[in-house]
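Undergrad: This is what each chain is made of:
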Amino acid sequence: MEKLLEVKDLEIAFDTHNGSVHAIRGVSFDLYQGETLAIVGESGSGKSVTTKALMGILAKNGNVINGEANYMGKDILKMSKKEIVNLRGKEMAMIFQDPMTSLNPTMTVGFQIKEAVIEHNEVTKKQAKARAIELLELVGIDSPRARYKQYPHQLSGGMRQRVVIAIALACNPKVLIADEPTTALDVTIQAQILELIKSLQKKINLAIIFITHDLGVVANIADRVAVMYAGKIAEYGTADEIFYTPVHPYTWGLLASVPDMSNTDVELYSIPGAPPNLLYPPKGDAFAERSEYAMNIDLEYQPPMYKVSDTHYAATWLLHEQAPETFMPKVLEKRIELMKKEAEEYAKA
Amino acid sequence: MDNLKPQLNESSFERVFQTDEFKTDVVYKSISFWKEVRLRFQANKGAVIGIIFIAFILFMAIFGPYMNAQTYKSKVDEHINLPGRIPGIEKIGIFDGEIDGVNVYEKRGLDDVYYWFGTDNLGRDLWTRTWVGTRVSLYIALLAVVIDMFIGMGYGLVSGYIGGTTDTIMQRFIEILSGIPNLVIVTLFVIILNPGILSISLALVITGWIGMSRVVRSQVLKMKELDFVLVSKTMGAKTNTLILQELLPNIFGQVIIMSMFSIPNAIFYESFLAFIGLGLQPPLASLGVLINDGYKSILVYPHIIVAPVVVLALLMLSFNLVADGLRDALDPKMKQQ
Amino acid sequence: MIKYIGRRLLISAVTLFVIMTILFLLLQFLPGSPFNDEKLSDMQIELLNEKYGLNEPKSTQYALFLKNIITKGDFGVSYTIEKNAEVSTMIQARFPISIRLGLQALAFGSIIGVVLASIAALKRNSIWDTATTIFAVIGISIPSYVFALGLVYFLGYKLTKATGMAIFPLTYDIYDPVRSSILPTVALAMFVIATVARFMRTELVEVLGSDYILLAEAKGLSASKVIFRHSIRNALIPVVTILGPLTVSLMTGSLVIERVFGIPGIGDLLVTAISVNDLNVIIAVAFFYSLFYIAMQLFIDILYGIIDPRIRVAKGGK
Chain P
28 MEKLLEVKDL
38 EIAFDTHNGS
48 VHAIRGVSFD
58 LYQGETLAIV
68 GESGSGKSVT
78 TKALMGILAK
88 NGNVINGEAN
98 YMGKDILKMS
108 KKEIVNLRGK
118 EMAMIFQDPM
128 TSLNPTMTVG
138 FQIKEAVIEH
148 NEVTKKQAKA
158 RAIELLELVG
168 IDSPRARYKQ
178 YPHQLSGGMR
188 QRVVIAIALA
198 CNPKVLIADE
208 PTTALDVTIQ
218 AQILELIKSL
228 QKKINLAIIF
238 ITHDLGVVAN
248 IADRVAVMYA
258 GKIAEYGTAD
268 EIFYTPVHPY
278 TWGLLASVPD
288 MSNTDVELYS
298 IPGAPPNLLY
308 PPKGDAFAER
318 SEYAMNIDLE
328 YQPPMYKVSD
338 THYAATWLLH
348 EQAPETFMPK
358 VLEKRIELMK
368 KEAEEYAKA
Chain L
209 MDNLKPQLNE
219 SSFERVFQTD
229 EFKTDVVYKS
239 ISFWKEVRLR
249 FQANKGAVIG
259 IIFIAFILFM
269 AIFGPYMNAQ
279 TYKSKVDEHI
289 NLPGRIPGIE
299 KIGIFDGEID
309 GVNVYEKRGL
319 DDVYYWFGTD
329 NLGRDLWTRT
339 WVGTRVSLYI
349 ALLAVVIDMF
359 IGMGYGLVSG
369 YIGGTTDTIM
379 QRFIEILSGI
389 PNLVIVTLFV
399 IILNPGILSI
409 SLALVITGWI
419 GMSRVVRSQV
429 LKMKELDFVL
439 VSKTMGAKTN
449 TLILQELLPN
459 IFGQVIIMSM
469 FSIPNAIFYE
479 SFLAFIGLGL
489 QPPLASLGVL
499 INDGYKSILV
509 YPHIIVAPVV
519 VLALLMLSFN
529 LVADGLRDAL
539 DPKMKQQ
Chain U
18 MIKYIGRRLL
28 ISAVTLFVIM
38 TILFLLLQFL
48 PGSPFNDEKL
58 SDMQIELLNE
68 KYGLNEPKST
78 QYALFLKNII
88 TKGDFGVSYT
98 IEKNAEVSTM
108 IQARFPISIR
118 LGLQALAFGS
128 IIGVVLASIA
138 ALKRNSIWDT
148 ATTIFAVIGI
158 SIPSYVFALG
168 LVYFLGYKLT
178 KATGMAIFPL
188 TYDIYDPVRS
198 SILPTVALAM
208 FVIATVARFM
218 RTELVEVLGS
228 DYILLAEAKG
238 LSASKVIFRH
248 SIRNALIPVV
258 TILGPLTVSL
268 MTGSLVIERV
278 FGIPGIGDLL
288 VTAISVNDLN
298 VIIAVAFFYS
308 LFYIAMQLFI
318 DILYGIIDPR
328 IRVAKGGK
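Protein chains in written order, with our numbering: chain P, 28 to 376; chain L, 209 to 545; chain U, 18 to 335.
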């Protein structure tokens, strides 16, 4: 599989009235053709900011202060405005969370798709319109010809998101960045959109960066997962590794926090405290103060990325040879046992 | 940056939390709503400048006329049409009693006479008249706005609270009324009632109450909704007080903002009426009357119109700045973006 | 959509009717009798009263009043300004001048306002932005006649004296309508520029921060397309709604501006009529202003309904 994107040591800071907020503090990951990489984390962990930087649409007061992002060999972060505009839509496309506000309310949906087609291709208006209608059909919208002429307010939320996806795919990009595309939708529509995205991915061999805070969605579509916390990647691995053999206390906390419907007389697990204020980035491990496994060194130094396997990495001092043996919370252990059993039964059926 | 070779020692890998006690959530010190509003307001440079100007003008309006010997209607025939002259400042070249380079005071042999803003065509002291005029203009404007508040709040409260058909009728009524340009009504009103302080104030009320009632009504509607939720969930009285504390200030807040915007409007309309001949009768002076007087000789004696025009412009500017600042301060939406 | 227009029309008609009624009532209260000429003998006054139906019961007078206006556009004759001249003729002559001036100011002001707002919003928090905001606040706060006076004094009087040439004529010249209307147009337009600039800047800033602009950028559209096709166009739509208040300010401003610059429009006519108590003229001009305002409101409402697809195309077709 070809490596499409390589992000190394990305650091981003924002100028605000109160000072400089060090939002991304050293993020590295890769993206391969045809796979889905999920970026998981709480609000404020930096998931959106990272991808917006890749598309070159960071807010005006945001600055990349270090790192590179190589798309097919060329560093996006050093590209000229013109090169990036060329990249957007054609090579990399992005869809956002709220379909209600993602579309221009005063233009027909058809035009908004057509616009994207025309921008990157030498085609006539007629051809562009035909392609737009084709796309509407591709994303599962009924009566595409009629819908072409409609305005966003005449469509439901789920349909609007399909239109947004159509726009993103207009020029056959290689990478799709989906920033919580299902969070604002009803659960049933959520499932539909996820299925749509999965099938489209298969059809055109699309690489997807899928941002979400919902672990259920991750389990559904991710090949690999990057868990982000306070502007850094805490753990990074295949979906199986993250779900069955996680090693970072934050990942444990996330997994344990998902309510377990089968075991309702256990107290709900929650991670105490709140993420740090990145106006004042912590000296050591950002998660330490919320973790019962924290060690003195966590308060002083930030942990490097430790290799657990060729595909599995985690940034935690717990993996240091001198660290005491640490086991995941019992609650989680039991949960994982259950998950494994269910997965086996499901596979048999 | 920070992942240099860590200095390890024996205790580096010891657990921090020996007990089950975790760090409790850091609770950020909360600031009260009004303090936040005040802070935001103070951060707005324009608004602060506005307040300073208003304070200054108010001060002058109250104490200015007492600062010299003349009253607003005393006339001295020999002293007509003198430009402004201030002792001390005249050395710099402004306020030196000169028109086109000629020192008018000297020419008439009035070396020891000083009129700070000069005099008008009847020999009346412009300094005193300007500040008395400011008093009158402010008084008229405030009167109009206060009555506006009552009528507007009353109408809005009734319409919003009772709701239903009454509300619909009352709103239709307003829809029709707002189709009539204020200019027409105000002008006709003043013609009928003969221009005087009271009649002008009443006429000005017309221009403001509709906007006020609309704002009050929308706030009442919001509050009404919550009330019903309260009733259906039968929450305790504590929430009641919260609602009152949260929403009543909002109503008052909006009303104050609207009033702040109405004041310059009223001041303007009053001066406008004076300009078209519907102002106060002499020797009463308002800023509008003074401007009208000054206009008559603007090309020959421009100094007569300068002071009242500047005060008028400053007043309107300041109130607008303050009203703007208040609105931004009370609005939870962050303005920075 | 039709329902929308229909409703607006109905309200406009009712409002107009209410205005006429108010005007009639005011006519009854206005001080002074219409026939103030001392030269008229009592019998002549009686005859005149008879002629104008002033002896009839109020209700008949009212009906006559309405009928005259609606069917013939007849507002009676002027009593003092131009003895026995048909008021409607007087207005007819002056109306176009005022309208032209008003529209000039509106167009000029709106265009400049939009340009200023666009610059301010695109270069947010820069020197341009602050300058525009200051300019806007001043433009809104300071009455148009103060600007007029300033323009008259500095550009009209002093400049002419200094250069010996009447670059900006002080008074209106019907034989040089374009050049002599520059100063009055600018004075009138100040408020328009300021209001439009301020309002549109807010709208534009909000649009620029919205998700669909972000999406448009992510699509790979060029910056200029994003700005013009998506941002400015969308921000312009709400600006239509402030045309109403702007019209009012133009009407108010026109009274003074016409007087200051000696422009023979209906504003000037009204001011004169007020000073000499020519009732019929006052009523007629008041009516005209109201009519114009209502027409403008109607026009704006319909225009807004057309431009904004959310109103134009109702929800449906799911």
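Treat the hints as calculated values from the structure; they're not laboratory data. There could be a bad hint or two in this list.
What the hints assert, rightly or not - Heads up, simulated DSSO-like pairs for lysine-lysine below, C-alpha to C-alpha not over 30 angstroms straight-line:
(1) Lys109/P to Lys87/P
(2) Lys153/P to Lys140/U
(3) Lys242/U to Lys108/P
(4) Lys140/U to Lys105/P
(5) Lys176/P to Lys156/P
(6) Lys152/P to Lys242/U
(7) Lys176/P to Lys242/U
(8) Lys101/P to Lys242/U
(9) Lys242/U to Lys156/P
(10) Lys20/U to Lys315/L
(11) Lys87/P to Lys20/U
(12) Lys201/P to Lys242/U
(13) Lys75/U to Lys430/L
(14) Lys105/P to Lys242/U
(15) Lys242/U to Lys79/P
(16) Lys20/U to Lys253/L
(17) Lys175/U to Lys109/P
(18) Lys175/U to Lys117/P
(19) Lys87/P to Lys140/U
(20) Lys242/U to Lys109/P
(21) Lys176/P to Lys20/U
(22) Lys175/U to Lys108/P
(23) Lys117/P to Lys242/U
(24) Lys504/L to Lys140/U
Undergrad: For every hint, state whether the structure bears it out.
TA: Cross-check of the supplied hints:
1. Lys109/P to Lys87/P: holds, 17 angstroms
2. Lys153/P to Lys140/U: violated, 37 angstroms
3. Lys242/U to Lys108/P: Given pair Lys242/U, Lys108/P holds - Cα atoms ~15 angstroms apart, limit 30 angstroms.
4. Lys140/U to Lys105/P: holds, 24 angstroms
5. Lys176/P to Lys156/P: Distance ~11 angstroms between Lys176/P and Lys156/P Cα, so the pair holds.
6. Lys152/P to Lys242/U: Within the cut-off at roughly 17 angstroms; holds.
7. Lys176/P to Lys242/U: holds, 21 angstroms
8. Lys101/P to Lys242/U: Answer holds: Lys101/P to Lys242/U is near 26 angstroms, not above 30 angstroms.
9. Lys242/U to Lys156/P: Holds. Lys242/U to Lys156/P sits at ~19 angstroms (cutoff 30 angstroms).
10. Lys20/U to Lys315/L: Between Lys20/U and Lys315/L the Cα gap is close to 75 angstroms, so the pair fails against 30 angstroms, i.e. violated.
11. Lys87/P to Lys20/U: violated, 45 angstroms
12. Lys201/P to Lys242/U: Given pair Lys201/P, Lys242/U holds - Cα atoms ~24 angstroms apart, limit 30 angstroms.
13. Lys75/U to Lys430/L: With Cα atoms ~46 angstroms apart, Lys75/U and Lys430/L exceed 30 angstroms; violated.
14. Lys105/P to Lys242/U: At roughly 24 angstroms apart (the allowed maximum being 30 angstroms), Lys242/U and Lys105/P satisfy the hint.
15. Lys242/U to Lys79/P: holds, 20 angstroms
16. Lys20/U to Lys253/L: This hinted pair is violated, its Cα atoms lying about 48 angstroms apart.
17. Lys175/U to Lys109/P: violated, 52 angstroms
18. Lys175/U to Lys117/P: violated, 62 angstroms
19. Lys87/P to Lys140/U: Holds, at roughly 11 angstroms.
20. Lys242/U to Lys109/P: The given pair, whose Cα atoms are some 14 angstroms apart, holds under the 30 angstroms limit.
21. Lys176/P to Lys20/U: Holds, at roughly 23 angstroms.
22. Lys175/U to Lys108/P: This hinted pair is violated, its Cα atoms lying about 51 angstroms apart.
23. Lys117/P to Lys242/U: holds, 17 angstroms
24. Lys504/L to Lys140/U: Violated, at roughly 44 angstroms.
This entry does not satisfy hints 2, 10, 11, 13, 16, 17, 18, 22 and 24, going by the numbered hints stated previously.
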